[in-house]
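Going line by line, the protein sequences match chains A and B. Each step along the first sequence adds one to the number in numbering that gives the first Met the number 0, with nothing skipped, and position 350 is 349. Each step along the second sequence adds one to the number in numbering that gives the first Met the number 0, with nothing skipped, and position 69 is 68.
Warning: the hint list may mix true and false statements.
Chain B stretches covered by chain A per the calculated footprint, using a threshold of three residues with CB under 8 Å from any CB of chain A [claimed, not checked]:
1. 7-15
2. 38-47
3. 51-65
Keep in mind that the hints were calculated from the coordinates and are not lab data. Ideal Cβ positions, reconstructed from N, Cα and C, are used throughout, including at glycine.
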Amino acid sequence: MSDFRMPSLGADMTHGTLLEWMVKPGDQVKRGDIVAVVDTEKAAIQVEVFESGVVEELLVDAGAKVPVGTVLARIEPLGTPLVPPTPVERPPSPGARVKASPAARVLAQERGVDLGTIHGTGPDGAIVREDIEAAAVPGAVAAPAAPAAEPAPSKISPLARRIADDLHVDVTRIRGSGSGGTITKADVERAAAARERAVEPSAAQPPEAPTPDRHVAMRQAIAAAVSRSKREIPHYYLGARIDMSRALTWLEAANRERPVPDRLLPAALLLKATASALGKFPEFNGFWVDGGFRPGDGVHLGVAVFLRGGGLIAPAIMHADGKTVSELMTALADLVRRARSEGLRGTELTSATFTVTNLGDRGTDTVFGVIYPPQVAILGFGRIAEQPWAEEGMLAARPVVHVSLAADHRASDGHRGSLFLAEIDRLLQRPEDL
Amino acid sequence: MTADDVRRTILNALQTIAPEIDPASIDPSADLRDATDMDSMDFLNLVLAVNKELGVDVPESDYGRLNTLDHMVAYVANRMSATHSEADSA
Numbered sequence: 000m001s002d003f004r005m006p007s008l009g010a011d012m013t014h015g016t017l018l019e020w021m022v023k024p025g026d027q028v029k030r031g032d033i034v035a036v037v038d039t040e041k042a043a044i045q046v047e048v049f050e051s052g053v054v055e056e057l058l059v060d061a062g063a064k065v066p067v068g069t070v071l072a073r074i075e076p077l078g079t080p081l082v083p084p085t086p087v088e089r090p091p092s093p094g095a096r097v098k099a100s101p102a103a104r105v106l107a108q109e110r111g112v113d114l115g116t117i118h119g120t121g122p123d124g125a126i127v128r129e130d131i132e133a134a135a136v137p138g139a140v141a142a143p144a145a146p147a148a149e150p151a152p153s154k155i156s157p158l159a160r161r162i163a164d165d166l167h168v169d170v171t172r173i174r175g176s177g178s179g180g181t182i183t184k185a186d187v188e189r190a191a192a193a194r195e196r197a198v199e200p201s202a203a204q205p206p207e208a209p210t211p212d213r214h215v216a217m218r219q220a221i222a223a224a225v226s227r228s229k230r231e232i233p234h235y236y237l238g239a240r241i242d243m244s245r246a247l248t249w250l251e252a253a254n255r256e257r258p259v260p261d262r263l264l265p266a267a268l269l270l271k272a273t274a275s276a277l278g279k280f281p282e283f284n285g286f287w288v289d290g291g292f293r294p295g296d297g298v299h300l301g302v303a304v305f306l307r308g309g310g311l312i313a314p315a316i317m318h319a320d321g322k323t324v325s326e327l328m329t330a331l332a333d334l335v336r337r338a339r340s341e342g343l344r345g346t347e348l349t350s351a352t353f354t355v356t357n358l359g360d361r362g363t364d365t366v367f368g369v370i371y372p373p374q375v376a377i378l379g380f381g382r383i384a385e386q387p388w389a390e391e392g393m394l395a396a397r398p399v400v401h402v403s404l405a406a407d408h409r410a411s412d413g414h415r416g417s418l419f420l421a422e423i424d425r426l427l428q429r430p431e432d433l
Numbered sequence: 000m001t002a003d004d005v006r007r008t009i010l011n012a013l014q015t016i017a018p019e020i021d022p023a024s025i026d027p028s029a030d031l032r033d034a035t036d037m038d039s040m041d042f043l044n045l046v047l048a049v050n051k052e053l054g055v056d057v058p059e060s061d062y063g064r065l066n067t068l069d070h071m072v073a074y075v076a077n078r079m080s081a082t083h084s085e086a087d088s089a
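So that you can see chain A by itself, here it is in the shape it has in the complex:
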């Protein structure tokens, strides 16, 4: 028997609210399955199980807020011969021609969705990403709706549930418009708007009240993490200017050849150079724990994403060093979209071995990051801007980016940090080799 506990989804998390169980007692789960949705102060997160087995008992009810480490469920590990083998992913049968976009196929594989069971809404009935997302909505595993005697467990997306909580909307009274009757964000917002229009004194919950709460909680979570960082981590800072003319020229040429959905942003090149450089400077990639450095088990790049409405979150692009520039661009776009809507996974919040903060083209020239504990370094890219650049006795205007490194002096020194930044510079001068 093993315990499934409230995970710590970041250094700033002390408690979590169990929003929803995705499994019930008796269900078989395999490592990596999403078993619950947990609300941290920052977001609704899909939490995976780390052991295959059978769910014996759920110990915490949906809606309960519990400390990190609390046992949420007991899981009987698999492995005895009596237990049927874990269902394996069915390979696509060669005869069945299911029309689906490449992105949809990838997503379906990630989410374990069988394309054969989905009704496509794209051109010619092709299955598109949105269809997979609708099918993979966690609520979709819930039992078919029971007759109205007792309020049936509504199918609802995690985002919609959070908004419903924030707005105090009773989800049992909403008819879902999503796939399979799933209640979507739009349904909840419509219900909230309808209630406001009704101006019933009985619906006295002030709709604007919860948002400041969420905002305050987010600020507190960030405050806890950065305070710990500045209290415990002796930061040192290095800065350098990098000539981006070669990288941007390469990017422009590449983008001319690419249709809009495949276009690259400079951020993809910056992330690629960072991930590659970390391979040569492993002392920046990992954690300071128990008085020593523990290297990361891969290069998982945390990317700071600002959230509209306030705050930020830094989920990781897993195994960023093994990805091409195009793959990093796709991963980045996907991560930003999910960070701002719904569907970040627990591992993405806990696995980052290094963080990059990229202010983008509307930011300031320079950003000095605060290390996210227990990581040992953070890289900051300011906006790329045209600046005077002296080279070989000549002065010219070039696109330049300021890169800064904030690193834990317990784990590394300024000399290695300088070499690390120089390596990133070197890589960005040969964008075609990235």
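Let chain A serve as the given structure and place chain B on it in line with the hints.
For chain B alone, coordinates are given in the frame of chain A:
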């Protein structure tokens, strides 16, 4: 499709990207990215939506011509009618 339809489509896409923005509050002659706090990823998503919904592929070199809502509507409507007249004359 009229310029108003184009404007509506763009504003719808904008709402998906920046849900907290009231479309009515956008000054059509102000810098759109400043007004809506769009980063380069948001802007790329807007260009992507224009491509998907209206079939106009905006090359990167033309991004500068999409700096305000009015300019964006004019650019897209112009590109759409150009495509139509090409098709007519063919």
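Taking the hints in turn, this is what the structure says about them:
1. 7-15: violated (count 0)
2. 38-47: It holds: at least three residues are needed, and the region 38-47 of chain B offers 7 whose Cβ sits within less than 8 Å of chain A.
3. 51-65: Coverage by chain A holds here, the residue count being 5 at a Cβ distance below 8 Å.
In this structure, only the earlier hint numbered 1 is contradicted, and the remaining ones agree with it.
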